[in-house]
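K.L.:
Which chain is which? The protein sequence lines are V, B and L, in order.
If you count the first sequence from 1, position 28 lands on 28 in my numbering, and the numbers rise without skipping.
If you count the second sequence from 1, position 323 lands on 323 in my numbering, and the numbers rise without skipping.
If you count the third sequence from 1, position 338 lands on 338 in my numbering, and the numbers rise without skipping.
Read the hints as simulated data drawn from the structure, not as lab findings.
Treat the hints with care, as some may be off.
Because identical chains cannot be distinguished in the list, a pair is counted as satisfied if it fits within a single copy or across any two copies.
[Unchecked claim] Distance condition first, Cα-Cα at most 16 Å in a straight line; then the derived EDC-like pairs of lysine to aspartate or glutamate:
(1) Lys149 with Asp330
(2) Lys229 with Asp318
(3) Lys3 with Asp205
(4) Lys114 with Glu152
(5) Lys297 with Glu18
(6) Lys203 with Glu171
(7) Lys3 with Asp197
(8) Lys120 with Asp305
(9) Lys229 with Asp239
(10) Lys297 with Asp205
(11) Lys203 with Glu299
(12) Lys3 with Glu202
(13) Lys297 with Asp196
(14) Lys3 with Asp196
(15) Lys297 with Glu202
(16) Lys332 with Asp197
(17) Lys114 with Glu11
(18) Lys149 with Asp12
(19) Lys120 with Glu18
(20) Lys149 with Glu11
(21) Lys229 with Asp205
(22) Lys3 with Glu115
(23) Lys120 with Glu50
(24) Lys3 with Glu293
(25) Lys120 with Glu152
Remember, predicted model here, so these are calculated numbers, not experimental data.
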Amino acid sequence: MSKTNPGNYFEDFQIGQEIRHATPRTITSGDVALYTGLYGPRFAVQSSDEFARAIGFRSAPVDDLLAFHMVFGKTVPDVSLNAVANLGYAGGVFGVPVYPGDTVTSVSTVTGLKENSNGKTGVVYVNSVGRNQRGEMVLDYNRWVMVRKRDEAAPAPQAVLPELPGVVAPEAFQIPVGLDMTSYETRLAGSPHRWDDYYVGEKIDHVDGMTLEESEHQIATRLYQNTAKVHFDQIAANDGRFGKRLIYGGHIISLARALSFNGLGNAFRIAAINAGTHANPAFAGNTVFAWSEVLGKFELPGRRDLGALRLRLVAVRDRQASDFPLRTGDGKYHPDVLLDFDYTVLMPR
Amino acid sequence: MSKTNPGNYFEDFQIGQEIRHATPRTITSGDVALYTGLYGPRFAVQSSDEFARAIGFRSAPVDDLLAFHMVFGKTVPDVSLNAVANLGYAGGVFGVPVYPGDTVTSVSTVTGLKENSNGKTGVVYVNSVGRNQRGEMVLDYNRWVMVRKRDEAAPAPQAVLPELPGVVAPEAFQIPVGLDMTSYETRLAGSPHRWDDYYVGEKIDHVDGMTLEESEHQIATRLYQNTAKVHFDQIAANDGRFGKRLIYGGHIISLARALSFNGLGNAFRIAAINAGTHANPAFAGNTVFAWSEVLGKFELPGRRDLGALRLRLVAVRDRQASDFPLRTGDGKYHPDVLLDFDYTVLMPR
Amino acid sequence: MSKTNPGNYFEDFQIGQEIRHATPRTITSGDVALYTGLYGPRFAVQSSDEFARAIGFRSAPVDDLLAFHMVFGKTVPDVSLNAVANLGYAGGVFGVPVYPGDTVTSVSTVTGLKENSNGKTGVVYVNSVGRNQRGEMVLDYNRWVMVRKRDEAAPAPQAVLPELPGVVAPEAFQIPVGLDMTSYETRLAGSPHRWDDYYVGEKIDHVDGMTLEESEHQIATRLYQNTAKVHFDQIAANDGRFGKRLIYGGHIISLARALSFNGLGNAFRIAAINAGTHANPAFAGNTVFAWSEVLGKFELPGRRDLGALRLRLVAVRDRQASDFPLRTGDGKYHPDVLLDFDYTVLMPR
Numbered sequence: 001m002s003k004t005n006p007g008n009y010f011e012d013f014q015i016g017q018e019i020r021h022a023t024p025r026t027i028t029s030g031d032v033a034l035y036t037g038l039y040g041p042r043f044a045v046q047s048s049d050e051f052a053r054a055i056g057f058r059s060a061p062v063d064d065l066l067a068f069h070m071v072f073g074k075t076v077p078d079v080s081l082n083a084v085a086n087l088g089y090a091g092g093v094f095g096v097p098v099y100p101g102d103t104v105t106s107v108s109t110v111t112g113l114k115e116n117s118n119g120k121t122g123v124v125y126v127n128s129v130g131r132n133q134r135g136e137m138v139l140d141y142n143r144w145v146m147v148r149k150r151d152e153a154a155p156a157p158q159a160v161l162p163e164l165p166g167v168v169a170p171e172a173f174q175i176p177v178g179l180d181m182t183s184y185e186t187r188l189a190g191s192p193h194r195w196d197d198y199y200v201g202e203k204i205d206h207v208d209g210m211t212l213e214e215s216e217h218q219i220a221t222r223l224y225q226n227t228a229k230v231h232f233d234q235i236a237a238n239d240g241r242f243g244k245r246l247i248y249g250g251h252i253i254s255l256a257r258a259l260s261f262n263g264l265g266n267a268f269r270i271a272a273i274n275a276g277t278h279a280n281p282a283f284a285g286n287t288v289f290a291w292s293e294v295l296g297k298f299e300l301p302g303r304r305d306l307g308a309l310r311l312r313l314v315a316v317r318d319r320q321a322s323d324f325p326l327r328t329g330d331g332k333y334h335p336d337v338l339l340d341f342d343y344t345v346l347m348p349r
Numbered sequence: 001m002s003k004t005n006p007g008n009y010f011e012d013f014q015i016g017q018e019i020r021h022a023t024p025r026t027i028t029s030g031d032v033a034l035y036t037g038l039y040g041p042r043f044a045v046q047s048s049d050e051f052a053r054a055i056g057f058r059s060a061p062v063d064d065l066l067a068f069h070m071v072f073g074k075t076v077p078d079v080s081l082n083a084v085a086n087l088g089y090a091g092g093v094f095g096v097p098v099y100p101g102d103t104v105t106s107v108s109t110v111t112g113l114k115e116n117s118n119g120k121t122g123v124v125y126v127n128s129v130g131r132n133q134r135g136e137m138v139l140d141y142n143r144w145v146m147v148r149k150r151d152e153a154a155p156a157p158q159a160v161l162p163e164l165p166g167v168v169a170p171e172a173f174q175i176p177v178g179l180d181m182t183s184y185e186t187r188l189a190g191s192p193h194r195w196d197d198y199y200v201g202e203k204i205d206h207v208d209g210m211t212l213e214e215s216e217h218q219i220a221t222r223l224y225q226n227t228a229k230v231h232f233d234q235i236a237a238n239d240g241r242f243g244k245r246l247i248y249g250g251h252i253i254s255l256a257r258a259l260s261f262n263g264l265g266n267a268f269r270i271a272a273i274n275a276g277t278h279a280n281p282a283f284a285g286n287t288v289f290a291w292s293e294v295l296g297k298f299e300l301p302g303r304r305d306l307g308a309l310r311l312r313l314v315a316v317r318d319r320q321a322s323d324f325p326l327r328t329g330d331g332k333y334h335p336d337v338l339l340d341f342d343y344t345v346l347m348p349r
Numbered sequence: 001m002s003k004t005n006p007g008n009y010f011e012d013f014q015i016g017q018e019i020r021h022a023t024p025r026t027i028t029s030g031d032v033a034l035y036t037g038l039y040g041p042r043f044a045v046q047s048s049d050e051f052a053r054a055i056g057f058r059s060a061p062v063d064d065l066l067a068f069h070m071v072f073g074k075t076v077p078d079v080s081l082n083a084v085a086n087l088g089y090a091g092g093v094f095g096v097p098v099y100p101g102d103t104v105t106s107v108s109t110v111t112g113l114k115e116n117s118n119g120k121t122g123v124v125y126v127n128s129v130g131r132n133q134r135g136e137m138v139l140d141y142n143r144w145v146m147v148r149k150r151d152e153a154a155p156a157p158q159a160v161l162p163e164l165p166g167v168v169a170p171e172a173f174q175i176p177v178g179l180d181m182t183s184y185e186t187r188l189a190g191s192p193h194r195w196d197d198y199y200v201g202e203k204i205d206h207v208d209g210m211t212l213e214e215s216e217h218q219i220a221t222r223l224y225q226n227t228a229k230v231h232f233d234q235i236a237a238n239d240g241r242f243g244k245r246l247i248y249g250g251h252i253i254s255l256a257r258a259l260s261f262n263g264l265g266n267a268f269r270i271a272a273i274n275a276g277t278h279a280n281p282a283f284a285g286n287t288v289f290a291w292s293e294v295l296g297k298f299e300l301p302g303r304r305d306l307g308a309l310r311l312r313l314v315a316v317r318d319r320q321a322s323d324f325p326l327r328t329g330d331g332k333y334h335p336d337v338l339l340d341f342d343y344t345v346l347m348p349r
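Excised from the complex, chain V in its bound form:
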């Protein structure tokens, strides 16, 4: 019997199946430093223990997307090693903050299965939950991927599609316990704009661009212990559709989020991931720009100090984002668009 991991194929998944993923991971200040070096985020809460404590965190929590990548990375060897495409995200809720020293593990449950009409692939829906060493939820999200069948002759399972929310409702947000915006200093945070200053429909060009390098995305993706081989193996890539190593989609999310500081400097905490699409693949040499649109504003029950903004974050490549490119006339994503990410942040009022 081969001792290497072949990954799961479409017919290996069953509705209700629970997968405890390997490699529990203690997240450290070393991971945080590397994350900062790779993307350059400047949110004060994640940058400063002092700033974080002043508003009720125990110390600086790690970037929410670093936690996301760590939880996600663990699911790859079991869920998407034989995936053709990462189709979408929904219903992602961030739980307790992750602090350096916390150890995260991931468990996924298969919530949906649908074979494609070509008989070669199928769509697998999983709900993945990351927990810290005390068993507290740090992230609970859904994603669906198109996975190859091992044997095209295998019978199709009964199609089951999970009910997934189009947007995470404010009632589902997990506001960190003890959070209090009284001592939040916008000057130190780097932006004077509070929740009340944003309006639905507002679009923000984040102005700055960053050029992608092979070693950067490889270091990032290995840091997350994400093993998808398309990111690392140029020999395989030579025979592939693009001839290049493909950049992990999450790398683009993190880069776009870091760029979005310029315009959203007080969006200090991601509360939810509503949806997300990797519209086009990204490669080393691409220069990434980003823009955002305010899709919604939520007051939070019982809080006058804090509100939530639902945002669309769009990453584009090799051109400025000042004209807010998204889709072409036929409704398809513009070829320059890399990412269309729908998420919700907390912001002081």
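Given chain V, put chains B and L in place with the hints provided.
P.N.:
For chains B and L alone, kept in the frame of chain V given last:
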């Protein structure tokens, strides 16, 4: 109103104006590891908690230039986002050592303004002070930059030039409290040469060369949360003067300082930055070599165990430094010279 | 007198000579994060404090090869700065685990000398021992290198060859005190295969490939404070045999070891390094694949929970390892083989 930071233009600065910079930053052992990986410094004090404790530090302090870059990085969004050139440094004094876990913030005061005769730009002088979470000074330095005017028709302010020292006097040095060289082991430090072994006028070729890579300087510059876009955006660079991403000048200072270990292995602490010029821009693909000259020797009041050396550190590119290149016959910097840095170090006697 | 380190030449070494190497090094969680980002290891013991504690470690120890590189790196300025080739390793034993916060120093003793018949070079054998801040041995190994003579006319020393073991015997293993496999969870570790599942002669193709980048090996090699200039200086490389920067051999060992997780996921601790050969030089742009062969199985005295596997780990470049390439018909290493590494791991039974 746009929510992105446009940066300050020349006419936005006023004499005496105080700017509290954003993004307080907790510096961690993760930042230190990344710094080591990016430049390869081998100074024992910064490498070993044990060595550092033996001579009176609480534990290994972070590299003085890492502290410098962190303090400097914060000033960029307010001071030099619209800068044309970083013209110089003077009167830089390092204060209390920075240890992993310390949180650093920066405040700048405008000390000089002088519009250029072309009416398009002006020179802004700032004094910037970095402090730790206890308010203790970790770095106090001056720099001046050439900044664009927003509106060329804006009236010129009265010219004010600050008085800046040509060299930081030993009386101004902040010797870390408790420092005692009795247990300083030169064998462990990697060099037998103590303060008494160096003479004024001595030149040292640091021999080794290091080739610059795009991802290295990008990771470094993001780690420092330095947002100057010339370092990151190849699309903008394509339309620029060089066609390439420009490497942050501080990256060259750190690389040259790390190379200077080979010849100055006991120069364990930077006491002062006297002056500094980025003579030519550096790009990925350049190979950096360095040489030093002893410009002065200072005894320190009341100390027989410790002396100070004033050094010129010169970085050159794509050629060895064995002939100590600096200026050409016409007094201009040699085209191979990247950096001319005048600083003062502490060294055991 | 020049203040830079010329390194030792063949005639500078004497049998019995002890060299205390410079730059004691505190290893931190920052080094661990960078190591993870550079190679992507997924062994649970090194990834998770919780997992490590469950089987008797104090917390997650650092990767054994990270400890190896740190101990090795210190020896370079004294032992191999003038080396022509790194010829081999033998009798390497790992001692107490290294934890973040430990400070490591290295001492080498010259155990063998043999001038080559060309009169230009000689082989130097050293035994190098790394110790933590309590003086406990963390690694004890032998290597031999071919070193240039400074003066070809210098007389040849009497040839002395040390007795080196062909394989480290199980009696010499240092099993970490308190280790207990009762709570070792293979599901969390990512592989169901325990010691009993492997057989002598078994070959495992580790499947995945990783492409090498200049900045990655440079960052790694600087992190280890390894100063061998062939890894960093493209200007010198332009005049060299390959025209390229040469990748530190240890970088390939770490990469191959990380790839070997896929098939050897429970090989959680390296007990010994029996031998090792860098069969061919590696360069940026190469894609590395790896395969392993089980060379031996050792029961451990008094332990039913733990066994040892002697493994051959082979790294190849720019081709898959599924046909297990090693040597060509004439007994020489296949030109695609980069590394032939013989080591012994501990694995739960």
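K.L.:
Run every hint past the structure and note whether it holds.
P.N.:
Hints, verified against the model:
1. Lys149 with Asp330: neither (32 Å within a copy, 44 Å between copies)
2. Lys229 with Asp318: Intra 25 Å, inter 15 Å, cutoff 16 Å: inter-copy only.
3. Lys3 with Asp205: between (50 Å within a copy, 9 Å between copies)
4. Lys114 with Glu152: So Lys114 and Glu152 pass the 16 Å test inside one copy only (14 Å; across, 64 Å).
5. Lys297 with Glu18: Neither. Shortest intra-copy (35 Å) and inter-copy (35 Å) distances fail the 16 Å Cα cut-off.
6. Lys203 with Glu171: neither (26 Å within a copy, 54 Å between copies)
7. Lys3 with Asp197: Result: close only across copies, 9 Å inter versus 57 Å intra.
8. Lys120 with Asp305: neither (52 Å within a copy, 44 Å between copies)
9. Lys229 with Asp239: Within one copy only: 13 Å inside, 35 Å across.
10. Lys297 with Asp205: Classified as neither: same-chain Cα gap 19 Å, cross-chain 53 Å, threshold 16 Å.
11. Lys203 with Glu299: Result: close neither inside a copy nor across copies, 20 Å intra and 61 Å inter.
12. Lys3 with Glu202: between (53 Å within a copy, 10 Å between copies)
13. Lys297 with Asp196: Within one copy only: 9 Å inside, 59 Å across.
14. Lys3 with Asp196: between (57 Å within a copy, 13 Å between copies)
15. Lys297 with Glu202: within (11 Å within a copy, 61 Å between copies)
16. Lys332 with Asp197: Intra 32 Å, inter 52 Å, cutoff 16 Å: neither.
17. Lys114 with Glu11: For Lys114 and Glu11, the Cα distance is within 16 Å only inside one copy (10 Å; across copies 63 Å).
18. Lys149 with Asp12: Classified as within: same-chain Cα gap 9 Å, cross-chain 63 Å, threshold 16 Å.
19. Lys120 with Glu18: neither (24 Å within a copy, 65 Å between copies)
20. Lys149 with Glu11: within (6 Å within a copy, 65 Å between copies)
21. Lys229 with Asp205: between (34 Å within a copy, 15 Å between copies)
22. Lys3 with Glu115: For Lys3 and Glu115, the Cα distance exceeds 16 Å both inside one copy (28 Å) and across copies (46 Å).
23. Lys120 with Glu50: Close neither inside one copy (54 Å) nor across copies (41 Å); limit 16 Å.
24. Lys3 with Glu293: Cα proximity of Lys3 and Glu293: across copies only (12 Å, versus 48 Å in one copy).
25. Lys120 with Glu152: within (5 Å within a copy, 65 Å between copies)
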